[in-house]
Amino acid sequence: MTDMHMKGYILQLFAQRGALWDHEVAADVMREYALSGEYWYGTVRLTLTDLFSGGLLDEIETTIDPEKSFGAEKLLFKFGLNDFGRERMRQSGLLTGVAS
Amino acid sequence: MLDTDKVQHLRVDYRNRQVRWGFIWAIWCAVLWGAWYVPGFAIYSEPPFVDLSETTGDLLLAAMVIAFLNAIAVLLAMFVWVGVLGKTADYVRTLRQVKISRWYLPAGLAGGLAVFGSYVAIVYVGAQFAAVAALLYPIVGAFAARVWYSERITPQAALGIIIVVLGGVVIFTPGLVDELTGAGTGGWIGYLAGGMAFIGWGLEGAIAGRALDVSDPDVGLTLRFTAEVGLWLLVAVPITIMLAGDAFWAALGSALTNPAVWLLLVLLGLTFGFCYVAWYKSFPLIGVGRGQAIAALYGPFALVWLYLFTFEIPGVEFIIGGAIAVIGSFVLFTEKRDVLEVIRAVPASRVRPDTVTRSRDDEMTRGERRP
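Quick mapping for you: the protein sequence lines, in order, are chains A and B.
Anchor point for the first sequence: position 46 equals 120 in my numbering, and the numbering is continuous, going up by one each time.
Anchor point for the second sequence: position 278 equals 279 in my numbering, and the numbering is continuous, going up by one each time.
There's no promise every hint is true.
To be verified - With a straight-line Cα cutoff of 27 Å, these simulated BS3-like cross-link-like pairs (lysine-lysine) come out:
id, chain 1, residue 1, chain 2, residue 2
1, A, Lys148, B, Lys88
2, B, Lys88, A, Lys152
3, B, Lys100, B, Lys88
Just so you know, these hints were derived from the structure itself, not from any lab.
Construct the complete structure from the given sequences, taking the supplied hints into account.
Written as structure tokens, this is what we have:
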């Protein structure tokens with residue numbers, strides 16, 4: 075399990091792997107922190123909304139896939155890190171040691 | 002192949018739900034923030050604080066002890082909240098990210114000074130004054146963001162600031178004129194403290210905004226109160242002991258043996274802690290601008306709460322000045338830079354979501370997050 079806090083880890087995922095779907099980020103985060111269930115899935119999605127609202131992520135694409143959202147028909151989002159997000163990461167030491 | 006209508010319908014549904022919950026959180030913030038002034042005022046009626054009213058030293062000692070206990074009460078409430086959310090481990094992990102968590106130290110200092118200032122203003126001038134005086138914090142937040150983050154102050158923001166300043170003039174001037182002409186009751190320290198409250202909260206928001214970009218809001222708020230309690234224990238309490246001697250321990254001991262003080266501390270912790278939580282929950286949903294504008298309604302709420310519990314009618318200058326400051330906050334916080342949030346806040350069927358793009362100019366002003 076990483077020593078990085080969850081929001082920092084999510085930002086590092088985007089820095090390393092480029093644009094990602096929210097369910098991909100949730101699956102990775104839950105695996106990394108040994109978490110499970112809809113609560114943590116929703117928590118990751120809320121964190122992504124927070125990062126988007128804060129201007130660190132850009133929305134790239136949307137889709138619907140109930141298999142990826144616990145059977146419910148929810149809008150899924152694909153996000154990508156933008157220049158401002160990368161700058162905030164650099165200022166906060168979150169880009170150190172991250173291959174981008 | 003995706004059904005475009007279905008995607009559109011879900012998008013409308015998603016945005017509407019988001020906006021609805023954003024407004025609910027922001028209103029809760031205003032209700033709880035306003036309610037905080039009731040136990041904050043009532044605690045001065047309880048021993049030992051009711052007896053600490055003879056000298057300036059007594060009054061400041063009472064405010065010191067109350068602000069210290071307030072910080073601990075809020076931190077404990079936040080620990081419970083973070084624990085219930087399952088984020089305790091993330092709290093520890095974020096604390097260890099020094100390049101992030103260090104920002105909460107100056108934020109806790111500025112916020113702690115604002116809380117202390119509020120308690121001094123309550124005891125010297127009154128709770129209604131303390132409540133409406135803090136409405137001026139956006140002025141400081143906007144200027145701090147301008148100086149530190151080079152965020153531009155647009156003509157609408159400037160107009161909002163001017164309106165808030167006018168509100169401040171109405172709130173502060175009558176009492177200050179009395180003090181300066183000798184007709185007052187020696188409450189100039191309270192007016193100074195009212196200034197400390199809005200300057201402290203304005204600076205806190207500007208400082209904390211940067212750390213909140215890269216850390217969880219629930220965890221971040223807990224770190225901010227951890228910093229405040231740490232500063233009390235390491236700096237403010239030793240200074241108070243140096244100045245007041247055994248009187249500090251006597252007041253603290255007496256306070257902690259009074260069950261009514263414990264009850265009020267629980268109320269202080271819950272109202273203040275969860276007003277912060279509700280506030281930051283609203284930001285991702287409706288934007289910082291709308292969240293702050295609605296939260297400014299705490300001023301009128303505080304006047305109503307205080308009237309309901311004390312039957313004291315607020316001074317006319319506080320009612321008018323508070324109303325002007327709230328209007329100024331709405332002008333300041335709902336300008337174009339929040340255009341994305343504005344688009345989100347109208348029924349999404351009225352816009353073409355696909356045309357929504359985000360530019361740096363539209364970006365919300367992080368520097369103006371309150372406490």
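For each hint, the structure was consulted:
no.	hint	in the structure
1	A:Lys148 - B:Lys88	25 Å, holds
2	B:Lys88 - A:Lys152	25 Å, holds
3	B:Lys100 - B:Lys88	20 Å, holds
The structure meets every hint from the earlier list without exception.
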